[in-house]
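*Asks:* What follows is each chain in one-letter form.
4 protein chains.
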Amino acid sequence: MIGGGFMGRAHSNAWMKVTKFFDLPYDVNLKVVAGDKNRLEKFADNWGFEEVSYDWRETVKRDDIDIVDIVTPTYMHAQMAIEAAKNGKHIICEKPCALTYDECMEMAKAAKEAGVVSYLNHNYRRVPAVAFAKQLVEDGRLGDILSWHGQYFQDWLLNPDMPCGWQMQNEYAGGGALYDLGSHSVDLARFLVGEPVSVTSLHRTFIEERPLPNKEGKGVVDVDDAAYMLLEFEGKTVGSIEVSRFACGNKNANSFAVYGTKGAIRFQFQRMNELEFLDYTQPVSEQGYRTILCTEYDHPYLKAWWPSGHIIGFEHTFVNAFADVFSAIHDGAEITPNFEDGASIIRVLEASKKSAKENRRVFVNEII
Amino acid sequence: MIGGGFMGRAHSNAWMKVTKFFDLPYDVNLKVVAGDKNRLEKFADNWGFEEVSYDWRETVKRDDIDIVDIVTPTYMHAQMAIEAAKNGKHIICEKPCALTYDECMEMAKAAKEAGVVSYLNHNYRRVPAVAFAKQLVEDGRLGDILSWHGQYFQDWLLNPDMPCGWQMQNEYAGGGALYDLGSHSVDLARFLVGEPVSVTSLHRTFIEERPLPNKEGKGVVDVDDAAYMLLEFEGKTVGSIEVSRFACGNKNANSFAVYGTKGAIRFQFQRMNELEFLDYTQPVSEQGYRTILCTEYDHPYLKAWWPSGHIIGFEHTFVNAFADVFSAIHDGAEITPNFEDGASIIRVLEASKKSAKENRRVFVNEII
Amino acid sequence: MIGGGFMGRAHSNAWMKVTKFFDLPYDVNLKVVAGDKNRLEKFADNWGFEEVSYDWRETVKRDDIDIVDIVTPTYMHAQMAIEAAKNGKHIICEKPCALTYDECMEMAKAAKEAGVVSYLNHNYRRVPAVAFAKQLVEDGRLGDILSWHGQYFQDWLLNPDMPCGWQMQNEYAGGGALYDLGSHSVDLARFLVGEPVSVTSLHRTFIEERPLPNKEGKGVVDVDDAAYMLLEFEGKTVGSIEVSRFACGNKNANSFAVYGTKGAIRFQFQRMNELEFLDYTQPVSEQGYRTILCTEYDHPYLKAWWPSGHIIGFEHTFVNAFADVFSAIHDGAEITPNFEDGASIIRVLEASKKSAKENRRVFVNEII
Amino acid sequence: MIGGGFMGRAHSNAWMKVTKFFDLPYDVNLKVVAGDKNRLEKFADNWGFEEVSYDWRETVKRDDIDIVDIVTPTYMHAQMAIEAAKNGKHIICEKPCALTYDECMEMAKAAKEAGVVSYLNHNYRRVPAVAFAKQLVEDGRLGDILSWHGQYFQDWLLNPDMPCGWQMQNEYAGGGALYDLGSHSVDLARFLVGEPVSVTSLHRTFIEERPLPNKEGKGVVDVDDAAYMLLEFEGKTVGSIEVSRFACGNKNANSFAVYGTKGAIRFQFQRMNELEFLDYTQPVSEQGYRTILCTEYDHPYLKAWWPSGHIIGFEHTFVNAFADVFSAIHDGAEITPNFEDGASIIRVLEASKKSAKENRRVFVNEII
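Residue numbers (our numbering), protein chains in the order written: chain A, -2 to 365; chain B, -2 to 365; chain C, -2 to 365; chain D, -2 to 365.
One chain only, chain A, in its complex shape (with noise of 0.2 Å):
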């Protein structure tokens, strides 16, 4: 694992809990943490990682090491994974997953030739509620998808004296909220709508300069705080993707709706466990969100879980994407999403800022 913020507790959290809770044939050595922290060996004796290593390139060219979980900010992933590939490591990497449509092509790139796995950790995909709408919208129980509804909402930034630190940084985020968190609501979209071909866009950063976080003056914020996209996708299908992290009672309250032809569902992540269901093929006197409580045992994920009714949190959605990542490491087959799936993604991501910067719709096809 290279990088071991919040991030790589999560990470490392799911790698321990995840041949406990699935049947995989493989057995889980933590054998190098490597980072620049110096918080990195207390990091590393708690979650049982064998070695510590100040010298990330090193540590993925060992032989002991078979697939390299890249938790650093944005800015540093391409580099990383690239050179995992080279060394023929299968690659976990956190979102979202470079700052150019560019660097992702190339990390693709680099993946497939190298013949690994890539995982790129857009984690709410693995949320079993999201999960299963995937299979109630393959099953066809919303019909023909007429609109996609996504917001994700935070509040943290609406205290100005929270410093002017990398995810506020373009040269080391790429963007602001439209990055952090619309990267996950338009993985979401591609994963249960399809491909966004416009993108129309509204960005806003609210508070154009924040304390430095070594408190010595001021940095200016040159990403967005607050990002509004309109989408048009391939087919008729239409939509809208709002991220803040201002907006306030929001923690992290990652959202959307999908409307068809005959139904509607809607989730909130807050609510996790649950998904909306609308069934529109019902009598009109009988219809109504159902609230679903996916805890099931028929439920994506849920087997591995615990009985009907006793919910599952956040992190679940890592160890879930583990034991997939496992799964297709075995199989020798492909997972999502990864890297090119992270350039789809991050090219909507680059669409979104020329239509804010140039006031027009552009489209996605334009990002080259």
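Treat the hints with care, as some may be off.
Put simply, identical chains are the same to the list, so a pair is met inside one copy or across any two.
Result set (DSBU-like, lysine-lysine): computed pairs, CA atoms no more than 35 Å apart in a straight line [unchecked claim]:
| hint | residue 1 | residue 2 |
| --- | --- | --- |
| 1 | Lys39 | Lys17 |
| 2 | Lys17 | Lys58 |
| 3 | Lys233 | Lys215 |
| 4 | Lys34 | Lys58 |
| 5 | Lys28 | Lys300 |
| 6 | Lys351 | Lys17 |
| 7 | Lys233 | Lys351 |
| 8 | Lys28 | Lys17 |
| 9 | Lys17 | Lys233 |
| 10 | Lys34 | Lys233 |
| 11 | Lys212 | Lys17 |
| 12 | Lys300 | Lys259 |
| 13 | Lys106 | Lys351 |
Rather than coming from a laboratory, the hints here were simulated on the basis of the structure.
Got chain A; can you put chains B, C and D on it based on the hints?
*Replies:* Coordinates of chains B, C and D only, in the frame set by chain A:
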């Protein structure tokens, strides 16, 4: 109409509207409002009553009166209804029916002997969502009913300065929350589930003395502030009813849940346009409470009202009821709940009082 | 009153009720209903109009008429309102105001010159919960407003057999969901947030041909079925409005969220008695959306209605509005929204049409 | 650890996680799992137990064991706990504590005499939202508590083919829903409200015969399927508890409401990250149930988990509990609920059985 408080207003509004929204074979003429309130003239003037009377006994004898509508405090119901029946008038009476099972039986007998229609205004039966719940039950959509859970909570008596009015006097009201709210809940239980055969109760008076309405000294509250009942119904069905005027945050929260072998329903008056229905015959991975917005043309009473999604409110239950009363009169048919139902309800409440006093299960047929 | 469909019914009911529930310095006499419907006599008879007229131009000239209430299709509004104003009548007009910004401006000018009160019936402003939201905004409880998110969804056009009526013709309706639903959402945004300065839109027509109402062949739908807009308001505020008649499970789901620096509110019409309010100034561990049941004596308009917890419905918004119209007439005061507001609203909608056509951001002041 | 079913799994997971997420003065070594299941080896292997034993009496004597974790059926708890105490081991025991008040008292006595920590795993106390509710109660935010309303509903016994397992045998389980679910609800009531002094109950067994687990014939269900209790607490507080395994649509719906003079709270386990709080001291027009997402750093136990909005699940309650057990052991402090609490809980349940049998109110101190 006899009386003219909050309920007089609700009834007058319903009289005004019923012929406008329902296609009825009658016209409504508001002939006389009788009472002793000094603001009765203003009330009559506002609502278009032709006359005011201070002698209800005279009023119920008039030849130009077809229906007597009783909206007075509970202790007056029996004598007024009996007198009205003796004079051959159809009767609408506010709930609870009367102070005792005995009184109710006399009312029922008088109505029966006179061959008049008696309608007891437990208006919640005529909330469209509740009437639709009844259809679901009758269509077997819940299977065999296993349990009833009724709660009717308000919070207005939490204020210790609220004066010791007639609703807090056993002699005038028959009971506290038990009579005022519990009568509704028992009515709904009988409507949807069946006849209670035993009651096991716990009553509580939280504030035992309150300022008298005239502010001269204090009066003793000799009724319950909260009443909880466990019920056995005919067959294997069990249930509970909890009513309270001390449940803060509940303004008029009349709610219930019914569980059967094939499905369940939940209702809460403050969202009276909605019925929650769980269809337990669906595949378990698709089950969930469905929030049905009962504003469709196919829902009970809705043909008379507004287009789909344009919700109705409290007052509409009265209009729906009066339309049914007119139909019953026209067809020479029964309407429910009537005074016989009222007797059955009050019998349960009397059993509850006996149970609370004697600390034991009381069978309803102990009340004679 | 001119016209007599669903809206004629809602208005007539409000005329009937307004003087009963509000203490007003006027009486209401329903003098004439004008129109060309063959069922107009029955309509007049039901609601107590003294006369029926088939010539609205004559009607608006009558000396015994003080208020002209226009409930006709959109394309007729301008001429009727202007003629009524010229004859010195106060005017109530259904929404949307008219087909174009131009028409609306003429209406506003005519009303101003005649010195009459003009009231445009965007009735959702007079939902008590919405009026209470306005109070919270004005009291600074939300701090600086950052964003507006309006959605108004219905689903009646999903049925492809629904005929190609006037609401689906640009010439009669001005737009589809955009004019019918979007006009409400823009009205609410202006009411609660401020004046939009730019619009960036995506419109979609899902079903382009429908059976003609006379069933002889098919007609072309030349309006939008769904319209999505991104908005910039004066200052830093941004927002979005999404309207659709193709969102299954939504019957009349007019909803919005407003986010500020100190709080947020959410509203959904199908639960119109409730306002969700988040107070971001509370300690973070105690924050949460609070569901306020807006049925208290202290809430706007509630003094006129029922006790706490006894909810009201759709029709009450009309009564509240008419009470305000009477007050405005009596006090010689302005009422909003009026025809000037209507002009501002339609201007935004025209900008949206231009944006959707030209695939670019359009500034509202481009519409002249 | 003795036992190894669903609960064995939940406990093992918690042992694995507790030192990773909490900063504790101890390490965890899973020494032995004892039991008689044939799949015990696989269980031990999966969770990393060093050894397997088929003789729990030997196991609890071992010197290299500090804590004995009992996850066996109820009827085995007392002997195992007493034996463990006698050998000076700290004890964690699954709920319900034991079959009778007597047994529990012996367990408590043994633990006390041995000076060991006993922890009874009513895990719902350690849901952060519930622990936060406790804070609110202790801070006086609810004022004087007036009533408790607990419901714990499941639906797995609606299926008549569900075999007659040990949980349906009085001899092994002590009771049905009453012991399994009711013990949790009584624990929560005692935690948040106080000590019950009387119980008035109604129990029901809906299906009296079920296929035996070995499928050879039928067994008699001699426990309740549903149990309803009315409770008097010390002081004026009253309440009710309703538990059922026949409430369709409820998978693990452990819910409660507490009403006080200054506020109220509501909780439902299937949305365990949320607490609803009504502050009755606010102006009435601003009152409403506030949905607090209990995932803030300031909420109980949340410092150990994920960032705000990243919800946790069922299993985390066990980890929170074990962390508290370690603290208690380290500090030589008490932890609750312990075996004394278990005794108090089972006493209430025994009173409930007596009340249901004798059709009368039973005072808890009648159980000796």
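*Asks:* Each hint should be assessed against the structure and marked as holding or not.
*Replies:* Hints and how they fare:
no. : hint            : verdict
1   : Lys39 / Lys17   : both (24 Å within a copy, 11 Å between copies)
2   : Lys17 / Lys58   : both (28 Å within a copy, 29 Å between copies)
3   : Lys233 / Lys215 : between (46 Å within a copy, 21 Å between copies)
4   : Lys34 / Lys58   : within (21 Å within a copy, 45 Å between copies)
5   : Lys28 / Lys300  : both (29 Å within a copy, 27 Å between copies)
6   : Lys351 / Lys17  : neither (46 Å within a copy, 44 Å between copies)
7   : Lys233 / Lys351 : both (23 Å within a copy, 20 Å between copies)
8   : Lys28 / Lys17   : both (18 Å within a copy, 17 Å between copies)
9   : Lys17 / Lys233  : neither (45 Å within a copy, 45 Å between copies)
10  : Lys34 / Lys233  : neither (49 Å within a copy, 38 Å between copies)
11  : Lys212 / Lys17  : between (44 Å within a copy, 32 Å between copies)
12  : Lys300 / Lys259 : both (29 Å within a copy, 25 Å between copies)
13  : Lys106 / Lys351 : within (25 Å within a copy, 42 Å between copies)
In summary, the structure is inconsistent with hints 6, 9 and 10 from the numbered list given earlier, while agreeing with the others.
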